[in-house]
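Number of protein chains: 6
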Amino acid sequence: AEEEYETDLPRIDLGIDGLDEMIQGGVPERSLMVTIGSAGTGKTTFALQFLHEALEQGERGIYITLEESRERVINSATEKGLNFDEYADNGQLAVVDLDPVEMANSLRSIRSELPRLIESFDATRLVLDSVSLLEMMYDDRARRRNEIYDFTNSLKNAGVTTMLTSEASDEHSYTSRHGIVEYLTDAVFVLQYVRPDDFRETRLAIEIQKIRDANHSRETKPYEITNEGISVYRQANIF
Amino acid sequence: AEEEYETDLPRIDLGIDGLDEMIQGGVPERSLMVTIGSAGTGKTTFALQFLHEALEQGERGIYITLEESRERVINSATEKGLNFDEYADNGQLAVVDLDPVEMANSLRSIRSELPRLIESFDATRLVLDSVSLLEMMYDDRARRRNEIYDFTNSLKNAGVTTMLTSEASDEHSYTSRHGIVEYLTDAVFVLQYVRPDDFRETRLAIEIQKIRDANHSRETKPYEITNEGISVYRQANIF
Amino acid sequence: AEEEYETDLPRIDLGIDGLDEMIQGGVPERSLMVTIGSAGTGKTTFALQFLHEALEQGERGIYITLEESRERVINSATEKGLNFDEYADNGQLAVVDLDPVEMANSLRSIRSELPRLIESFDATRLVLDSVSLLEMMYDDRARRRNEIYDFTNSLKNAGVTTMLTSEASDEHSYTSRHGIVEYLTDAVFVLQYVRPDDFRETRLAIEIQKIRDANHSRETKPYEITNEGISVYRQANIF
Amino acid sequence: AEEEYETDLPRIDLGIDGLDEMIQGGVPERSLMVTIGSAGTGKTTFALQFLHEALEQGERGIYITLEESRERVINSATEKGLNFDEYADNGQLAVVDLDPVEMANSLRSIRSELPRLIESFDATRLVLDSVSLLEMMYDDRARRRNEIYDFTNSLKNAGVTTMLTSEASDEHSYTSRHGIVEYLTDAVFVLQYVRPDDFRETRLAIEIQKIRDANHSRETKPYEITNEGISVYRQANIF
Amino acid sequence: AEEEYETDLPRIDLGIDGLDEMIQGGVPERSLMVTIGSAGTGKTTFALQFLHEALEQGERGIYITLEESRERVINSATEKGLNFDEYADNGQLAVVDLDPVEMANSLRSIRSELPRLIESFDATRLVLDSVSLLEMMYDDRARRRNEIYDFTNSLKNAGVTTMLTSEASDEHSYTSRHGIVEYLTDAVFVLQYVRPDDFRETRLAIEIQKIRDANHSRETKPYEITNEGISVYRQANIF
Amino acid sequence: AEEEYETDLPRIDLGIDGLDEMIQGGVPERSLMVTIGSAGTGKTTFALQFLHEALEQGERGIYITLEESRERVINSATEKGLNFDEYADNGQLAVVDLDPVEMANSLRSIRSELPRLIESFDATRLVLDSVSLLEMMYDDRARRRNEIYDFTNSLKNAGVTTMLTSEASDEHSYTSRHGIVEYLTDAVFVLQYVRPDDFRETRLAIEIQKIRDANHSRETKPYEITNEGISVYRQANIF
Ligand SMILES: Nc1ncnc2c1ncn2[C@@H]1O[C@H](COP(=O)(O)OP(=O)(O)O)[C@@H](O)[C@H]1O
Ligand SMILES: Nc1ncnc2c1ncn2[C@@H]1O[C@H](COP(=O)(O)OP(=O)(O)O)[C@@H](O)[C@H]1O
Ligand SMILES: Nc1ncnc2c1ncn2[C@@H]1O[C@H](COP(=O)(O)OP(=O)(O)O)[C@@H](O)[C@H]1O
Ligand SMILES: Nc1ncnc2c1ncn2[C@@H]1O[C@H](COP(=O)(O)OP(=O)(O)O)[C@@H](O)[C@H]1O
Ligand SMILES: Nc1ncnc2c1ncn2[C@@H]1O[C@H](COP(=O)(O)OP(=O)(O)O)[C@@H](O)[C@H]1O
Ligand SMILES: Nc1ncnc2c1ncn2[C@@H]1O[C@H](COP(=O)(O)OP(=O)(O)O)[C@@H](O)[C@H]1O
Ligand SMILES: [Mg+2]
Ligand SMILES: [Mg+2]
Ligand SMILES: [Mg+2]
Ligand SMILES: [Mg+2]
Ligand SMILES: [Mg+2]
Ligand SMILES: [Mg+2]
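Residue numbers (our numbering), protein chains in the order written: chain W, 3 to 241; chain R, 3 to 241; chain B, 3 to 241; chain U, 3 to 241; chain S, 3 to 241; chain D, 3 to 241.
I should point out that these hints are in silico values taken from the structure, not numbers from a laboratory.
Keep in mind that a hint or two might mislead.
Which copy is meant is left open, so a pair is good if it fits within one copy or across any two.
[Said to hold, decoys possible] Below, in silico cross-link-like pairs of lysine to any residue (SDA-like), each with a Cα-Cα straight-line distance of 25 Å or less:
#  : residue 1 : residue 2
1  : 158       : 101
2  : 158       : 102
3  : 158       : 98
4  : 158       : 105
5  : 158       : 100
6  : 158       : 104
7  : 158       : 87
8  : 158       : 96
9  : 158       : 80
10 : 158       : 99
11 : 158       : 103
The task is simple: from the sequences and hints, build the whole structure.
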């Protein structure tokens with residue numbers, strides 16, 4: 003019996019001003035993506051806006067945070083005009099704060115329950131902020147890889163578009179802290195600080211490192227974080 | 003039932019001349035912050051001034067030191083005109099010197115008692131100088147991360163604004179010695195030496211690396227340490 | 003008794019536009035090859051085109067993926083006009099998605115079965131995407147080397163031309179992640195990002211690092227990934 | 003009852019020509035200091051002169067060496083005109099050569115006896131040359147930190163002004179070999195080689211990296227070692 | 003009784019065009035040598051030519067390969083016009099392919115049998131391609147050193163001139179992968195890639211790093227690999 | 003009773019042409035010295051000449067080699083005109099080749115016997131070529147330090163002037179392979195390759211890094227190895 007292959011995956015927008023225009027045709031639905039950056043580059047803001055894009059269109063989303071409290075996440079997003087308070091109230095949005103130690107310990111059961119949770123909640127987008135905190139909980143490297151491999155795999159099969167955030171490696175802006183997720187994901191966005199030699203002002207720069215099966219700009223563009231979130235300046239240059 | 007989210011967190015000043023002007027609107031109250039720098043960059047002085055800002059306004063503060071004796075801390079601060087002797091006498095200020103080995107060994111109980119201590123003392127600000135000495139006590143990396151994660155979490159929930167100090171990594175001025183706290187904190191200040199190629203005079207430079215939910219300058223500015231403490235020169239440049 | 007040595011190995015094309023012209027006389031049949039590159043440099047696309055070259059000529063091929071699902075691989079290739087859906091349907095192509103953890107655990111039996119599988123399927127080309135995910139599963143370095151040595155050896159003896167893909171080391175574009183496969187293979191292709199100092203546009207560059215017993219260009223040439231796959235621009239230069 | 007805090011610590015000179023003028027007001031008495039440098043930069047000479055400064059004023063001092071024999075230390079100092087032979091004879095000076103292995107093994111008892119020894123000898127200054135040899139004896143990093151922390155702490159409480167010498171890290175001139183002592187001490191002096199690009203003559207350069215509670219120059223200045231010891235050239239520049 | 007010392011060791015040629023002229027007087031017979039280079043720099047070709055030089059003069063040689071099959075080695079050499087097929091047939095040449103895992107496991111017995119084997123075969127030259135694959139089999143570093151020390155020692159005593167090949171370290175072209183053989187051998191040849199900044203064409207360069215008791219050029223010279231093997235261009239320069 | 007201190011240590015020459023003039027007044031007799039350099043920089047030649055200097059004056063010397071055979075050492079030296087064959091015959095010279103594994107295993111007894119051996123042989127100079135091979139035999143770092151510390155200490159007390167040779171670290175020319183001996187010795191000589199950017203000719207350069215209690219040049223000077231040994235060109239410059 004001949005199988006059916008859908009050669010034209012539906013595409014979605016990320017909801018980041020300026021960045022969506024750098025991706026021709028959008029990101030394939032149900033992709034597993036990661037945003038890599040060091041502390042303060044805007045990963046959380048990026049993920050909030052990604053979720054907001056779906057909420058705004060009446061879809062439902064799940065935000066899992068290992069770093070901040072549920073309240074803090076909702077407040078932050080609401081301050082940035084993303085109305086997470088309303089979405090949380092009207093049931094479109096689930097914000098879950100997990101303790102990374104506990105998450106690591108019960109990852110197997112989380113992995114098996116997550117697909118059901120996502121389905122029953124009818125979520126189209128999911129955020130995990132940050133996968134590095136989860137990875138850090140495993141000191142044994144092979145164990146860490148296995149767990150992260152299995153976990154990202156279950157996310158790929160869960161029928162949801164997912165954005166992970168990851169700390170950057172100390173040495174290389176384009177490498178995640180543990181050097182695994184960029185290989186397991188379908189798309190990689192890199193946020194970085196660019197510090198000029200004259201020690202004046204630190205700039206923020208974004209590059210799309212990869213999107214499987216999509217054509218995208220390979221330019222590095224400046225962006226800013228304001229109280230309306232992240233805006234990428236497509237017409238400007240870093241220097 | 004609808005929940006209430008406070009979208010306008012009260013903001014506070016750090017009490018560092020010139021630096022407070024680099025933060026539009028101040029730092030959110032109850033933030034957990036860290037100052038990263040190598041030996042002699044002024045972390046302790048920074049933390050003393052941060053606490054003094056509150057004491058001066060009649061609030062109460064706790065200074066936990068793992069590096070120096072209680073007497074030395076009070077003397078140093080008093081010499082810098084911060085009157086810690088008076089504040090310690092009039093009961094606004096508690097200076098506690100802990101042995102890092104003992105602190106590490108009893109971190110669980112410290113963690114559970116700290117909130118009560120903070121509440122009963124009615125402290126609005128707390129300093130831990132330095133978190134690196136605590137981190138160093140754990141050789142097992144996963145253990146260290148778990149302990150520091152839990153500890154910083156309990157500080158976030160203790161209803162107090164906290165300043166940690168942290169040694170910098172040998173390799174990267176913008177990375178803490180153990181590479182964890184900058185991700186667990188709400189704000190990161192980086193103090194660093196800038197050594198010109200001609201081997202003349204070493205300069206001191208400060209950058210605000212991140213403040214969650216706040217707009218701040220991204221400039222790197224020179225500062226000096228005098229017998230009145232740290233002053234940041236907003237109008238000057240490093241080179 | 004005198005033995006016979008075939009001094010003129012049959013040569014094949016890789017199926018990558020522009021690259022085949024950089025290899026005088028083609029790659030020796032039954033070579034074991036590797037393509038090294040960091041995330042998004044086009045390793046998977048490279049491997050798909052390599053397999054397609056044989057399928058197009060009526061030969062049979064096996065694609066083993068440790069990274070993506072069988073469906074995703076077929077869709078990706080089909081979107082790029084490589085008709086993997088048809089080849090899978092007409093039985094010329096076998097796409098197998100394996101879990102790297104399981105593959106690592108049962109590598110011994112896989113190793114012993116693979117030659118029979120290849121023979122019975124009558125495959126002339128095989129892809130393993132990626133060998134790094136397999137290597138990662140071993141934390142003990144000597145164990146990893148032994149396993150990979152034995153595995154690549156059985157591939158060399160299986161009578162098939164094989165393309166492995168490998169992640170690049172973080173430090174050195176020309177080194178594979180675990181630094182072994184480039185020594186065990188007969189040919190090494192290096193895909194890399196070239197990021198100019200002005201932080202403008204990231205370029206893609208390819209170099210043939212080695213082909214045992216073949217004469218090849220030592221130039222580094224730009225390439226692009228389009229929806230028709232990888233094209234190497236032999237006439238152009240990176241800068 | 004109100005406590006008394008001495009806000010004006012008595013200050014002392016180091017006894018290094020040119021360097022004392024770089025410290026406004028002198029180093030606080032009873033400080034724990036460290037001189038960091040690689041092999042041959044003059045750490046031992048520095049420490050000998052530091053001790054001589056007190057001996058000359060009729061005070062008493064203790065020199066603990068882990069590197070050389072008692073005889074060699076006295077000879078070296080005497081050759082440099084520091085008259086250690088006479089001071090050793092007249093009882094002002096105690097030179098003790100310890101085996102670092104034994105010192106490490108009995109550090110607990112040494113730690114408890116040292117304060118009494120210092121007091122009974124009535125020493126005002128103490129040298130340990132070098133703390134790195136002691137640190138090296140511990141392979142377990144957490145153990146090393148605990149031991150060094152406790153040991154430096156007992157020195158701080160022993161009522162003596164102490165100069166440690168430490169090997170520099172291979173990578174960073176400003177970091178001690180094991181990266182601990184610069185954080186546990188009140189003052190850090192960095193001795194380093196400056197090797198010009200033309201491979202001509204290696205220069206010696208000194209920087210005061212930190213002195214808690216003291217104002218000091220941040221310049222890097224050339225120095226020389228002659229048969230009268232170290233002289234810092236305040237008016238000269240490295241290049 | 004007075005012992006006899008032969009002060010004029012017989013000297014031999016390596017058989018590499020252009021390189022032999024860079025060594026005044028040739029390499030001392032019975033030397034243990036190593037050729038260091040990364041994948042594809044021509045180490046195997048170098049070793050084949052070294053052996054061929056002796057075969058051509060009617061001497062006998064042994065080629066031990068840990069990387070390729072016996073057939074592949076003979077084919078490669080024969081394709082390059084080195085007639086290994088004939089030499090293997092007429093009994094002048096023994097090509098042995100060993101599994102590095104097994105070689106490592108039975109190194110002790112190999113070590114004790116090798117001298118007899120060499121003597122009974124009457125070989126004057128021996129190749130081991132590559133020693134890195136053998137070294138890799140030991141994860142315990144002290145064990146590795148001991149084994150390699152003993153093994154190279156038995157080669158020195160076996161009355162044969164030996165060429166080892168070794169992978170280069172990732173970091174330093176002039177260092178072997180495990181950093182031992184260059185110290186245990188009498189001569190070191192370094193093959194390296196030189197990649198110009200403009201990302202155009204990668205060049206091949208050779209340097210004689212050491213030959214005990216021989217005068218040699220210290221120039222770095224370009225070389226090429228053609229279907230006649232390696233030729234060093236003594237008159238040319240890399241840039 | 004007053005002790006006697008000899009403030010004017012007798013001084014000796016090293017026997018290296020050009021280098022002795024860089025040391026004002028010579029090296030103190032009975033010093034423990036080390037020559038650091040990578041493979042082929044001339045450490046062995048340096049040590050042979052050092053020993054020859056004493057033999058020539060009718061003194062007696064011991065040469066311990068861990069790298070080469072006794073015969074090879076004598077031949078090499080004799081070829082360089084150092085007449086080791088005669089000195090070995092007339093009993094002025096003892097050349098001992100030791101297996102580093104065995105030396106490491108019986109270091110304790112060697113340590114206790116060495117002083118007697120030196121005394122009974124009446125040697126004034128001793129060479130150990132190389133201490134790195136001995137250090138390598140210990141994988142446990144603390145153990146290695148203890149052993150090397152005790153061993154070098156026993157050499158210092160044996161009443162002999164000693165020259166150790168040591169491999170250089172891969173990263174830093176001025177650091178020994180294991181980073182210990184340069185701190186335990188009284189004098190450090192650094193031999194290094196200087197490779198110009200144009201990849202032409204590699205030069206040899208020497209620097210005196212330290213000589214305790216001696217005034218010496220801090221220049222880096224070119225040297226050459228000829229069949230008469232090492233000559234340092236005091237009047238020339240590297241570039
Ligand atoms: N249709 C397309 N048009 C243009 N570029 C594409 C297209 N499909 C994929 N790419 C590019 O190819 C990259 C991924 O290629 P892939 O072979 O999956 O890389 P790798 O296996 O090395 O991670 C994407 O990041 C994207 O830049
Ligand atoms: N209202 C705002 N106006 C301007 N900048 C802001 C605002 N809120 C946050 N930022 C900036 O965003 C940064 C934090 O963004 P965040 O998404 O939390 O980063 P990350 O998750 O990568 O640590 C802050 O350091 C600050 O520079
Ligand atoms: N016939 C040939 N013509 C030109 N170059 C060749 C030929 N055969 C091999 N080479 C070159 O030699 C390289 C491999 O040489 P080899 O000795 O196997 O290197 P190594 O052992 O260092 O990996 C190939 O990558 C190719 O560049
Ligand atoms: N009264 C003062 N005048 C000028 N500089 C001072 C004074 N007191 C301290 N400093 C400077 O401050 C530095 C130490 O500051 P500190 O806050 O203790 O740094 P850290 O905690 O980062 O080690 C000293 O090294 C010195 O340079
Ligand atoms: N007769 C000679 N003429 C010129 N150079 C020589 C002669 N003998 C040895 N050399 C040089 O000396 C080097 C080896 O010196 P050696 O002292 O053995 O170095 P090391 O012990 O540091 O490895 C050789 O690599 C060679 O360059
Ligand atoms: N009399 C002297 N004249 C000139 N320089 C000397 C004299 N004595 C020692 N030196 C220099 O001092 C260096 C050693 O100083 P030392 O204090 O022992 O250094 P460290 O303890 O850092 O190894 C020697 O390498 C030498 O350069
Ligand atoms: Mg965040
Ligand atoms: Mg401090
Ligand atoms: Mg891929
Ligand atoms: Mg010293
Ligand atoms: Mg080879
Ligand atoms: Mg040698």
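Hints and how they fare:
1. 158 x 101: Close inside one copy (23 Å) and across copies (14 Å); limit 25 Å.
2. 158 x 102: both (21 Å within a copy, 16 Å between copies)
3. 158 x 98: Both: 20 Å inside a copy, 17 Å across copies.
4. 158 x 105: Classified as both; 19 Å inside a copy, 20 Å across copies.
5. 158 x 100: both (21 Å within a copy, 15 Å between copies)
6. 158 x 104: both (22 Å within a copy, 18 Å between copies)
7. 158 x 87: between (28 Å within a copy, 21 Å between copies)
8. 158 x 96: So residue 158 and residue 96 pass the 25 Å test inside a copy (19 Å) and across (22 Å) alike.
9. 158 x 80: between (29 Å within a copy, 20 Å between copies)
10. 158 x 99: both (21 Å within a copy, 14 Å between copies)
11. 158 x 103: So residue 158 and residue 103 pass the 25 Å test inside a copy (23 Å) and across (17 Å) alike.
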